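The listed protein sequences derive, respectively, from chains H and W.
So the first sequence is numbered by this note's numbering: it starts at 1 and just counts up by one.
So the second sequence is numbered by this note's numbering: it starts at 1 and just counts up by one.
These are computed hints drawn from the structure, not numbers from a lab.
Mixed in with the good hints, there may be bad ones.
[What the hints assert, rightly or not] Below, in silico cross-link-like pairs of lysine-lysine (DSSO-like), each with a Cα-Cα straight-line distance of 30 Å or less: (1) 358/W - 119/H; (2) 393/W - 311/W; (3) 369/W - 274/W; (4) 199/H - 119/H; (5) 259/H - 330/H; (6) 119/H - 311/W.
[What the hints assert, rightly or not] Heads up, incomplete: computed chain H residues facing chain W, CB under 8 Å, no partners named: (7) 69; (8) 85; (9) 96; (10) 111; (11) 118; (12) 143; (13) 312; (14) 319.
[Claimed, not checked] Listed next, with one range per pair, are the computed distances between beta-carbon atoms: (15) 236/H - 192/W: 57 to 65 Å; (16) 183/H - 36/W: 52 to 60 Å; (17) 211/W - 254/H: 23 to 31 Å; (18) 177/W - 281/H: 54 to 62 Å; (19) 183/H - 357/W: 56 to 64 Å; (20) 219/W - 121/H: 29 to 37 Å; (21) 402/W - 80/H: 53 to 61 Å.
The model shown is predicted, which means the values in this text are computed figures rather than measured ones.
All C-beta atoms in this analysis are idealised placements derived from N, C-alpha and C, irrespective of residue type, glycine included.
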Amino acid sequence: MSYQPIKFYQTGTFTVGNRLLPPEQRSVQAQVKRYNSINSGHRACQGCGEALGARYAIDAAMEATNGRVICANATGCLEVFSTPYPETSWQVPWLHSLFGNTAAVATGIAAALKVKMHKGERRHIRVVAQGGDGGTTDIGFGCLSGMFERNDDVLYICYDNNGYMNTGVQRSSATPPAARTTTTPAAGPEPGNPFGQGKFVPAIAMAHEIPYVATATVADLRDLEAKVRRAMEFHGARYLHILVPCPLGWGTQPNETIKMARLAKETGLFPVFEAEYGEQKSALAIRHPLPVEEYLKPQKRFAHLFAPKLRTEAIARLQALADRNIRKYKLLEGM
Amino acid sequence: MLKQCEGSRAVAEAVALCRPEVVCAYPISPQTHIVEALGEMVKAGTLSPCEFINVESEFAAMSVAIGASAAGARSYTATASQGLLFMAEAVFNASGLGLPIVMTVANRAIGAPINIWNDHSDALAMRDAGWIQLFAENNQEALDLHIQAFRLGEELSLPVMVCMDGFILTHAYERVDMPTQEQVDAYLPKYEPRQVLDPAEPVSIGAMVGPEAFMEVRYLAHAKQMEALKLIPAYAAEFCSIFGRDSGGLTHTYRCEDAETIVVAMGSVLGTIKDVVDEMRAQGHKIGALGITLFRPFPLEGVRAGLAGAKRVVVIEKSMAVGLGGILSTNVRMALSGLHMHGYTVIAGLGGRAITKKSLTELFLKAEKDTLEHVTFLDLDWAMVNKQLEREKAHRRCGPVAENLLRDIGVVAARNY
């Protein structure tokens, strides 16, 4: 397996400085011999949260399984930027079929591996399916639910950047209320994505009572890696939902990606927790509670909430959503 | 071993003899009995090791087959009608990825109006999906074609659709000669994928391809299909040497020697057509039949050679291209270009409408006199059609066509127009 020396790593108030830790406690990404599952040179935008999320998650899955992972991928940014023919960034066996069928394709891979192992033709290999929020919460949702219901031995990872960023920033069912996209423009008396019932797939995954469901962000690398590791301890259907900010779609600077992910978690707008067999087991505590404005203000997709006039009512409704998350997922206690 | 059994059972047992490793199932009539039988075999352990996956849709069924095939497993599923259309995106994808999945299509009409009975609209809607498409005339052939389909698909790394008429074949009890496991094992080697998902040798499958190579990729898909035209007769001959019967191939002729009129068809209707040919031959008519087993790739040369001596060709087809006429006949006419013979398209048996010997005889007699329209709808009730056409002229909002027609013939009560 090829590897490359680490070029940089994050530092900042909330990160755990890897250098200060003993080697065995360092993150997968801090190891010189990390798997580099999706290597550099791909064509993601600067500051792409999904590129980070995929690298973190698949490297961690590789480490947890001694490199025995097969990946299925939905159509979307991740697929497009990583495999422009004839090049590929994937150092793992990887299959892209369609936009809406990744969970079912992964089921097929897992079924084939089961038979092959039974016949003694293959060693134990694990399957990871991955898609963006469009491929997961919308078009691929039927296949995903089928995979959950059958409890197929697949870890499904959703990289949630809150919209269809690959096609030019349109609304998905994971786009937050009030956010501006090209199909929910900042126009009219109630600009942006309408407030609705919401569609939070981790909760729907929990309702399937699958072995393991977790959420994570690219801001908490060690938490993300620990969740991938934990997910690989289970067999059956597992679901990991990772918030991956998109500088293009969110209207932020490339160097703000990690900060945005952290603010989503610290404001409570994106609850970070884990659940087993339908019941919540833990939450990543909010360390410095912040009002939602802190998260909304730097993003151009929410600019219409602050100018030309301050939309206090919309902001209050978003604050109410965050407060409900904090209560529901016990984000202040950390469980 | 001779056996009296349902067509679906015969196909399921033939598939089981091919040792599939992953079978996906979603129920749709008239396909259900096939996957039911396979499910029973997997559950009872007589088909092992094999994973039987109950999926939530046909789209998922084809997707599971794609994943399983790419991971190196021999994969099978079956569907029909709306199910085939629902999985259409994945059907194209399977051939694009070069995965030798075998799928039975228990041919059925497509709605609306919803109709569960037989015609070929479903499989022919997928004619450009890049799959090899075989059409069975009877249950023995359906059984045999499945065994050949795995061999062919895996050799070419292309998916193969075996089409059999819904209900007419799937639910009919016929005597079939069931091969032994030894025979099938002698004919069908182990699946060796061209490229397999394996951590020991990671590959990326399904990359994005831009304008610089997409045309070439599509051309190669075409070239690969054309290889099937050579392989299929060879495999059919080999099949004959092991199993002792002629089955499959590209086309087959029936009493075409000196025939002035040749009837072309696919599927179970050929049985009725052959009976009519026999009766008419007995009365001195120079008529024969050409059955098409391989629809994709279309055996242009074989069809052309088979029809070359005729004066006229009547294509009986159980599907139609709305706005054009026939689908099969369009293909046949391409084979006939430059031959200067009369060509007739006959749309028959849509949605399970019976195709009777009487109607066919009348039709062929008319054809012999060259008094047929170029496109004929066999046994179409013109009174019913005209009544609806008049109604639509008179009332802009005359309601749904199907319900109007049913009311006209007294099947349902409805508002008056």
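So, going through the hints one by one against the coordinates:
no. : hint                      : in the structure
1   : 358/W - 119/H             : violated, 56 Å
2   : 393/W - 311/W             : violated, 41 Å
3   : 369/W - 274/W             : holds, 20 Å
4   : 199/H - 119/H             : violated, 42 Å
5   : 259/H - 330/H             : holds, 22 Å
6   : 119/H - 311/W             : violated, 58 Å
7   : 69                        : holds, 6 Å
8   : 85                        : holds, 4 Å
9   : 96                        : holds, 3 Å
10  : 111                       : holds, 4 Å
11  : 118                       : holds, 4 Å
12  : 143                       : holds, 5 Å
13  : 312                       : violated, 44 Å
14  : 319                       : violated, 38 Å
15  : 236/H - 192/W: 57 to 65 Å : violated, 31 Å
16  : 183/H - 36/W: 52 to 60 Å  : violated, 44 Å
17  : 211/W - 254/H: 23 to 31 Å : holds, 29 Å
18  : 177/W - 281/H: 54 to 62 Å : holds, 59 Å
19  : 183/H - 357/W: 56 to 64 Å : holds, 59 Å
20  : 219/W - 121/H: 29 to 37 Å : holds, 35 Å
21  : 402/W - 80/H: 53 to 61 Å  : violated, 44 Å
Violated hints, in rising order: 1, 2, 4, 6, 13, 14, 15, 16 and 21; the structure is consistent with all others.
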